[in-house]
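Could you slot chain B with the ligand onto chain A? The hints should help.
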Amino acid sequence: MKIIVAIKQVPVRDSVLQVDASGKWIRESELSFEVNEPDAYALEEALQLKERYGGEVIALCAGPARVSQAIREALAKGADRAIHVESDDLGAADSLGIARLLASAIRSEQPDLVLTGLQSDDLGYGQTGVIMAELLGFPHSTIIMQVEAAGSSVRVKRELENGWFQWMELPLPAVLTIQSGISKLRYATLMGIKKARTKEVKRLSAAELGGLAAPVLSVEKVYLPQKTKETQMLDGTPAEAAAALVEKLRFEARVL
Amino acid sequence: MARFAGVDYLLIDSLFSEEELLVRQTARQFVDERVIPLVRDCYRDGRFPEELIPEMAGLGFLGANLEDYGCAGMNNVQYGLIMQELERGDSGLRSFVSVQGALVMYPILTYGSEQQKQTWLPKLQAGEAIGCFGLTEPGFGSNPGGMTTKATRAGDCWVLNGEKTWITNGSQAHIAVVWARTDEGIRGFLVEKGTAGYSTADIHGKLSMRASVTSSLSFQDCRIPLDNMLPGAKGLKAALSCLTQARYGIGWGVIGAAMDCYETARRYSLTRKQFDGRPIASHQLVQEKLAWMITEITKAQLLALHVGRLKDGGKAEAAHVSMLKRNNVAIALDCARLSRDLLGANGIMDEYPLMRHLCNLETVKTYEGTDHIHALVIGERVTGVAAYK
Ligand SMILES: Cc1cc2nc3c(=O)[nH]c(=O)nc-3n(C[C@H](O)[C@H](O)[C@H](O)COP(=O)(O)OP(=O)(O)OC[C@H]3O[C@@H](n4cnc5c(N)ncnc54)[C@H](O)[C@@H]3O)c2cc1C
Numbered sequence: 000m001k002i003i004v005a006i007k008q009v010p011v012r013d014s015v016l017q018v019d020a021s022g023k024w025i026r027e028s029e030l031s032f033e034v035n036e037p038d039a040y041a042l043e044e045a046l047q048l049k050e051r052y053g054g055e056v057i058a059l060c061a062g063p064a065r066v067s068q069a070i071r072e073a074l075a076k077g078a079d080r081a082i083h084v085e086s087d088d089l090g091a092a093d094s095l096g097i098a099r100l101l102a103s104a105i106r107s108e109q110p111d112l113v114l115t116g117l118q119s120d121d122l123g124y125g126q127t128g129v130i131m132a133e134l135l136g137f138p139h140s141t142i143i144m145q146v147e148a149a150g151s152s153v154r155v156k157r158e159l160e161n162g163w164f165q166w167m168e169l170p171l172p173a174v175l176t177i178q179s180g181i182s183k184l185r186y187a188t189l190m191g192i193k194k195a196r197t198k199e200v201k202r203l204s205a206a207e208l209g210g211l212a213a214p215v216l217s218v219e220k221v222y223l224p225q226k227t228k229e230t231q232m233l234d235g236t237p238a239e240a241a242a243a244l245v246e247k248l249r250f251e252a253r254v255l
Numbered sequence: 000m001a002r003f004a005g006v007d008y009l010l011i012d013s014l015f016s017e018e019e020l021l022v023r024q025t026a027r028q029f030v031d032e033r034v035i036p037l038v039r040d041c042y043r044d045g046r047f048p049e050e051l052i053p054e055m056a057g058l059g060f061l062g063a064n065l066e067d068y069g070c071a072g073m074n075n076v077q078y079g080l081i082m083q084e085l086e087r088g089d090s091g092l093r094s095f096v097s098v099q100g101a102l103v104m105y106p107i108l109t110y111g112s113e114q115q116k117q118t119w120l121p122k123l124q125a126g127e128a129i130g131c132f133g134l135t136e137p138g139f140g141s142n143p144g145g146m147t148t149k150a151t152r153a154g155d156c157w158v159l160n161g162e163k164t165w166i167t168n169g170s171q172a173h174i175a176v177v178w179a180r181t182d183e184g185i186r187g188f189l190v191e192k193g194t195a196g197y198s199t200a201d202i203h204g205k206l207s208m209r210a211s212v213t214s215s216l217s218f219q220d221c222r223i224p225l226d227n228m229l230p231g232a233k234g235l236k237a238a239l240s241c242l243t244q245a246r247y248g249i250g251w252g253v254i255g256a257a258m259d260c261y262e263t264a265r266r267y268s269l270t271r272k273q274f275d276g277r278p279i280a281s282h283q284l285v286q287e288k289l290a291w292m293i294t295e296i297t298k299a300q301l302l303a304l305h306v307g308r309l310k311d312g313g314k315a316e317a318a319h320v321s322m323l324k325r326n327n328v329a330i331a332l333d334c335a336r337l338s339r340d341l342l343g344a345n346g347i348m349d350e351y352p353l354m355r356h357l358c359n360l361e362t363v364k365t366y367e368g369t370d371h372i373h374a375l376v377i378g379e380r381v382t383g384v385a386a387y388k
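Here the protein sequences line up with chains A and B, keeping their order. Mapping of the first sequence onto numbering that gives the first Met the number 0: position 151 corresponds to residue 150, and the numbering continues sequentially without gaps. Mapping of the second sequence onto numbering that gives the first Met the number 0: position 177 corresponds to residue 176, and the numbering continues sequentially without gaps.
Hints listed in this document are in silico derivations from the structure and should not be mistaken for laboratory results. Note that beta-carbon positions come from the ideal geometry of N, C-alpha and C, so glycine has one too. Accuracy of the hints is not assured; some may be wrong.
[What the hints assert, rightly or not] Facing chain A, a subset of chain B residues (Cβ under 7 Å, in silico):
| hint | residue |
| --- | --- |
| 1 | Leu14 |
| 2 | Glu17 |
| 3 | Leu21 |
| 4 | Thr25 |
| 5 | Ala56 |
| 6 | Leu58 |
| 7 | Gly59 |
| 8 | Ala71 |
| 9 | Met73 |
[As the list claims (entries may be wrong)] Cross-link-like lysine to aspartate or glutamate pairs, in silico, DMTMM-like; alpha carbons within 20 Å at most:
| hint | chain 1 | residue 1 | chain 2 | residue 2 |
| --- | --- | --- | --- | --- |
| 10 | A | Lys1 | A | Glu199 |
| 11 | A | Lys193 | B | Asp67 |
| 12 | A | Lys201 | B | Asp67 |
| 13 | A | Lys156 | A | Asp111 |
| 14 | A | Lys198 | B | Glu19 |
| 15 | B | Lys116 | B | Glu127 |
| 16 | A | Lys1 | A | Glu55 |
| 17 | A | Lys183 | B | Glu50 |
| 18 | A | Lys183 | A | Glu36 |
| 19 | A | Lys194 | B | Glu191 |
| 20 | A | Lys183 | B | Glu54 |
| 21 | A | Lys194 | B | Glu19 |
| 22 | A | Lys201 | B | Glu17 |
| 23 | A | Lys194 | B | Asp67 |
| 24 | A | Lys193 | B | Glu17 |
| 25 | A | Lys193 | B | Glu19 |
| 26 | A | Lys183 | A | Glu43 |
| 27 | A | Lys198 | B | Glu18 |
| 28 | A | Lys194 | B | Glu18 |
| 29 | A | Lys198 | B | Glu379 |
| 30 | B | Lys192 | B | Glu162 |
| 31 | B | Lys149 | B | Glu191 |
Same shape as in the complex, but just chain A (with noise of 0.2 Å):
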């Protein structure tokens, strides 16, 4: 199987934030960045497939010259290749523009499957994949938890709503924009860290693939969140208030 996988670079979960001068933006020079988690298990997806099915992974990035930072450790992770589309002012397009871009370079690939995660950390639009698969004019499943391949079509599970899943089967090639957390995302070995530095990067400017269309959308402004008090009463039974607390310590104020 041939899998390529978008994956984007954004600002270090829990940065301090700030709003650049243009008020539109925050600022990105004093900020780390790293792959988008939904991204990274993308790509552990088609690692995973891979190993199953055999085949190739493509990992592609669209930015400025900093993501090849994201791209070694794709490579380092076990991704085959690599496609950098080389982009300044990615800042400004929209995902219809972003999507146009990275559909221009899957097409020539010719690709069985593509992965994205199912939204960004940064804009969480979670756009990009889905327009994507209609300009490649490829079927496109959203927020999949498992994989399985039959033959000339992928078997998918699907997140609903409150627990429930839905398994539904799609003509290859396909577009699938993977759900985080739905395994162990493997740590990028010194070996293979070595072993990047000898891997192919293809480097496809954005003018080669048509350019960078006018955004149709755009952000106005860009603001901290206003902070404000609340008081939360957590019911039930002291064991489930208890798991409610754990999850709100984890996921709201991610102090666990």
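Using the frame of chain A, we list chain B with the ligand on its own:
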């Protein structure tokens, strides 16, 4: 699970390559996810976390800066960053990796025969064999040149007699690199676990390095094949060359312990309130301690990085590494003490890592050349006069 965000006051990260940062990321995640959750109990129970060995080996941490025989071939800065992160977890874990890589794999790679390299290096790299390094004796610590352990030739064997003590990984080790006096001076030998006449006993009652195994090794008419001598290791200087490798890693490792202490104290000072509900961070005396710590940590980082670049360029000397080891251990120990102080009563609890780092660093100050001995190395370097005796 809390993720360590790093300590970088002077944008030192900009001095690392993309690959160096990726290596650090792997080590950092490993320590956050696998080490920190269990290290407090290990320390409390006086247990080395053996279950981490296969995973560390798989990641390439063992002998990471050595070439070939399965080793990862990282540069010395990458190696240093791994040590930093491991010691942020615990000095005992870093000691294990230091001994395995710098004191066992390094001498076999540098001074061993091809046969010895092929037999041992792949296994040591894979964590399937564990090694230890026996230099110190009950009567000879800072002055190992006085050692009394003897190796005498008898037919097709070397016969070892003597005792080594304070040996990290001692009873765990499948293979011991042992230094002994022969007719032709001090030589290095490989002694396999289970050899008749070779026994080990663990040292109990340690209030430091509790998550690390420390043992005595005893040799009583212990016969080993002639082939078990390291052919290239001649004289005490061969043993000292291994120590230079390990000390280099310590110079980086202790920065990790210092960072953990500083960061714990910094955070605590922002949440702990005293006198009119003000965080203790708002007091000048508290800020002075934090300012001192971050300044010293930053200097230590630059010192380590510079020595690392020198080492990669083949220009690092033992006397450079002495300055790195001595300075960085001293400031790490001071950071541990200051941050312990800033946490008040909480600072003495094992819920926080401060006392553990503090106690561990007392060992780190002593082993691999005490603070005094490194002062004398630096002193000799700048005066040309040796003042050890
Ligand atoms: C947990 C732990 C693990 C260890 N692991 C190993 C290991 O794996 N392998 C190994 O071989 N050894 C190991 N050691 C031993 C360690 O290297 C020695 O403890 C160290 O070299 C100091 O020797 P000593 O303890 O005999 O102290 P001493 O040499 O007796 O020193 C005591 C004090 O006297 C000072 N002193 C001595 N000579 C001088 C001098 N000329 N001028 C000024 N001051 C001087 C010292 O600086 C120190 O303050 C370990 C030690 C510990 C605690």
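Hints versus structure:
no.	hint	verdict
1	Leu14	violated (14 Å)
2	Glu17	holds (5 Å)
3	Leu21	holds (6 Å)
4	Thr25	holds (5 Å)
5	Ala56	violated (10 Å)
6	Leu58	holds (5 Å)
7	Gly59	holds (3 Å)
8	Ala71	holds (4 Å)
9	Met73	holds (6 Å)
10	A/Lys1 x A/Glu199	holds (16 Å)
11	A/Lys193 x B/Asp67	holds (13 Å)
12	A/Lys201 x B/Asp67	violated (30 Å)
13	A/Lys156 x A/Asp111	holds (18 Å)
14	A/Lys198 x B/Glu19	holds (17 Å)
15	B/Lys116 x B/Glu127	holds (15 Å)
16	A/Lys1 x A/Glu55	holds (5 Å)
17	A/Lys183 x B/Glu50	holds (18 Å)
18	A/Lys183 x A/Glu36	holds (12 Å)
19	A/Lys194 x B/Glu191	violated (34 Å)
20	A/Lys183 x B/Glu54	holds (14 Å)
21	A/Lys194 x B/Glu19	holds (14 Å)
22	A/Lys201 x B/Glu17	holds (18 Å)
23	A/Lys194 x B/Asp67	holds (14 Å)
24	A/Lys193 x B/Glu17	holds (12 Å)
25	A/Lys193 x B/Glu19	holds (11 Å)
26	A/Lys183 x A/Glu43	holds (8 Å)
27	A/Lys198 x B/Glu18	holds (14 Å)
28	A/Lys194 x B/Glu18	holds (11 Å)
29	A/Lys198 x B/Glu379	violated (48 Å)
30	B/Lys192 x B/Glu162	holds (15 Å)
31	B/Lys149 x B/Glu191	holds (17 Å)
In terms of the numbered hints stated before, the structure departs from hints 1, 5, 12, 19 and 29, listed from lowest to highest.
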